[in-house]
Amino acid sequence: MPSAELTPPEAARWAARAGLPLPDDRHAAVAATANHIHSVVAVLRELDCGDTPPAGAYRAGKEKHDAAV
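Residue numbers for the sequence shown, in my numbering: 1 to 69.
Because the hints were derived from the structure by calculation, they are not lab data. The C-beta atom is built at its ideal place from N, Cα and C for all residues, glycine as well. Incorrect hints may appear among the rest.
[Unchecked claim] Simulated DEER-style distance windows between Cβ atoms: (1) Asp66 to Ala42: 33 to 41 Å; (2) Arg26 to Asp66: 32 to 40 Å; (3) Ala67 to Asn35: 41 to 49 Å.
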């Protein structure tokens, strides 16, 4: 699903809507960071996890430790 990148003015507007007004010199950095996060999440969404159970199904301490290699 292609989408346009977030621009610095849009980043400022979204931050203000969230109650986090940004100084003018931070708009570009916040937009670049948001775009990077979006690109990483997009790649993760493309991964086929198949039959991988959710993290809640993992029970720590139930593994059998075996010294065999």
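Hint by hint, here is what the structure shows:
1. Under the hint 33 to 41 Å, the C-beta atoms of Asp66 and Ala42, about 39 Å apart, fit the expected range.
2. One distance hint, 32 to 40 Å for the beta-carbon pair Arg26 and Asp66, is violated here, with the actual separation near 52 Å.
3. Separated by about 47 Å at the C-beta atoms, Ala67 and Asn35 satisfy the suggested range of 41 to 49 Å.
Checked against the numbered hints above, the structure breaks only hint 2 and satisfies the rest.
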